[in-house]
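Sequences listed follow chains F and H, in order.
Position one of the first sequence corresponds to residue 25 (the working numbering), numbered consecutively onward.
Position one of the second sequence corresponds to residue 731 (the working numbering), numbered consecutively onward.
It should be emphasised that the hints constitute simulated quantities derived from the structure, not laboratory data.
Just to be clear, a hint being listed does not mean it is correct.
Unchecked claim - Stretch by stretch, here's where chain H covers chain F in the computed footprint (C-beta under 8 Å, at least three residues):
1. 214–222
2. 225–233
As the list claims (entries may be wrong) - Chain F is nowhere near these chain H residues, computed Cβ spacing over 10 Å in every case:
3. T753
4. E784
5. L867
Stated by the list, open to error - Looking from chain H toward chain F, a few residues come up when the C-beta cut is under 10 Å (computed):
6. F828
7. L864
8. A869
9. R871
10. D873
11. W880
12. T888
None of these values were measured; they are calculated from a predicted model.
Beta carbons are placed, not taken as given, at the ideal position from N, Cα and C, and that holds for glycine.
Chain by chain, the residues run as shown.
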Amino acid sequence: MLPLRLENVSFAIGGRRIIDSVSVEIAGGPRTVILGPNGAGKSVLMRLCHGLFEPTSGAIEWRGAGVNGRPRQQAMVFQRPVMLRRSALGNVLYGMRLAGVARGECDLRARDMLEVVGLAHVTDRPARVLSGGEQQRLALARAWALNPEVLFLDEPTANLDPAATREIETIIGAIHAGGTKIIMTTHNLGQARRLADEILFIHEGRLVERAPVGEFFAGPASAEARSFIKGELPW
Amino acid sequence: MNDIVLALGEALRLIGGLDAKLTGIVVLSLEISLSAVAIAAVLGLPLGAVIAVERFAGRQALIVLLNALMGLPPVVVGLLVYLMLSRAGPLGPLGLLFTPTAMVVAQSILILPIIAALSRQVIEDAWREYEEQLRSLGARRFDAALTLMWDTRFSLVTVVLAGFGRAAAEVGAVIIVGGNIDGVTRVMTTTIALETSKGDLPLALGLGMILVGLVLALNGIAHSIREAVQRRYG
């Protein structure tokens, strides 16, 4: 289903342009990190790609799908995951059943996923009483269990402490190693350095710069990216 | 003051002695109100869920209407059901007027808007929180409505209890369509009204105490179940 092509995509709410004529082609393989300050439009851009929002103008095309067609082999993990009022296992199963995974396969695979993200010991515990880090790992398991070709991650560690962040980043690495394309937003430069293969730098709704991660941090081409990197706090 | 004390003593004696007449009235009241709540919940909860997640023309008007109908005066509901079921009415041939069935129908109509309107609010609030996640997982609106009903189940218990409270406490609808026939359609509230006007205060007071006690007990049980389960499921 990749590459994903955006052609002149704009998105406006109440006359205010959140995303402004973004054209980009995202291919399979490298981990793509959408970087930019708060309010730049990163999350909105990701929701447009995922199909949660419809572009005001322009087109979003997946290979093999019609204009704005949204293939099912994609999943998304949100900054604040919404856990259903059921067990951890129940949450993973819920996504699989909606995706039409055969019932016989579900249980085993769901338990496997919990094991892989280190939540086997809370399989039957209600998802809503898990800690923030555990909930985010559960959200990753729920998304990963669908075996998506593309996984969108919207600031997945923004609310987590460093230890939990490290766990999440490790899992993201494992999902990528398993052949899933990672498209992720962050405003955290350290995380972008650790996880990205390529950077899409967004500023005020526009795609300002696209570069391999090494090149981007060694010498950003745009003034906006330069000032964003310079303005980063030292911790 | 002396009257009240005497009536209270007599009321306690009736309750303590499990007076047959009293017991019959209490059981009939519970049967009617619980049936009405069951019917209104089966119809009202899904209705609330659908209105919460669907977008259609006239939705806002429907919400306003439902909210307004929560304040429907029981006597008006009684009158409308009476007109439908009376011999000359469209449903007259069914011969339901002055039967417990008619009372169940009237109370169901009375509390359906309460359950539908309150569950719509509860489920719509949850939908706001869940919408992106559920859509991302590929849930259609129908899946979402079911999921949200299950996930808000603790709050929906309170919604159903509000409906029960309304049904158990009202007198206007059941007295019009039931007729307050001794031993057939006489329930707690209609008896209290009748006995008070007749001056038989002990029976009225006894029934009043039982009515309040039952509503209190039911809410207490529901509350503790809700608390226990919610602590478990978060």
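Do the hints match the structure? See the list:
1. Check result for the stretch 214–222 of chain F against chain H: violated, 0 residues qualifying (beta carbon to beta carbon below 8 Å, three or more required).
2. Only when three residues or more bring their CB closer than 8 Å to a CB of chain H does the claim for the stretch 225–233 of chain F stand; here the count is 0, and the claim is violated.
3. Residue-level check passed: H/T753 sits 40 Å from the nearest beta carbon of chain F, beyond 10 Å.
4. Listed as a non-interface residue, H/E784 keeps its Cβ farther than 10 Å from every Cβ of chain F; the least gap is roughly 18 Å.
5. For H/L867, the shortest C-beta to C-beta distance to chain F comes to about 5 Å, within the 10 Å cut-off, and the non-interface label is violated.
6. Against a cut-off of 10 Å between C-beta atoms, the interface hint on H/F828 is violated, since the closest Cβ of chain F lies about 45 Å away.
7. Using the Cβ-Cβ criterion of 10 Å, the hint placing H/L864 at the interface with chain F is satisfied: the shortest such distance is roughly 8 Å.
8. Below 10 Å, beta-carbon pairs count as interface contacts, and H/A869 has one with chain F at about 6 Å; its hint therefore holds.
9. About 13 Å separates the beta-carbon of H/R871 from the nearest beta-carbon of chain F, more than 10 Å, and the hint is not met.
10. Hint status for H/D873 relative to chain F: holds, with the closest Cβ pair at about 6 Å, below 10 Å.
11. A least Cβ separation of about 7 Å between H/W880 and chain F falls short of the 10 Å threshold, and the interface hint therefore holds.
12. Because the closest C-beta pair between H/T888 and chain F is about 15 Å apart, greater than 10 Å, the hint is violated.
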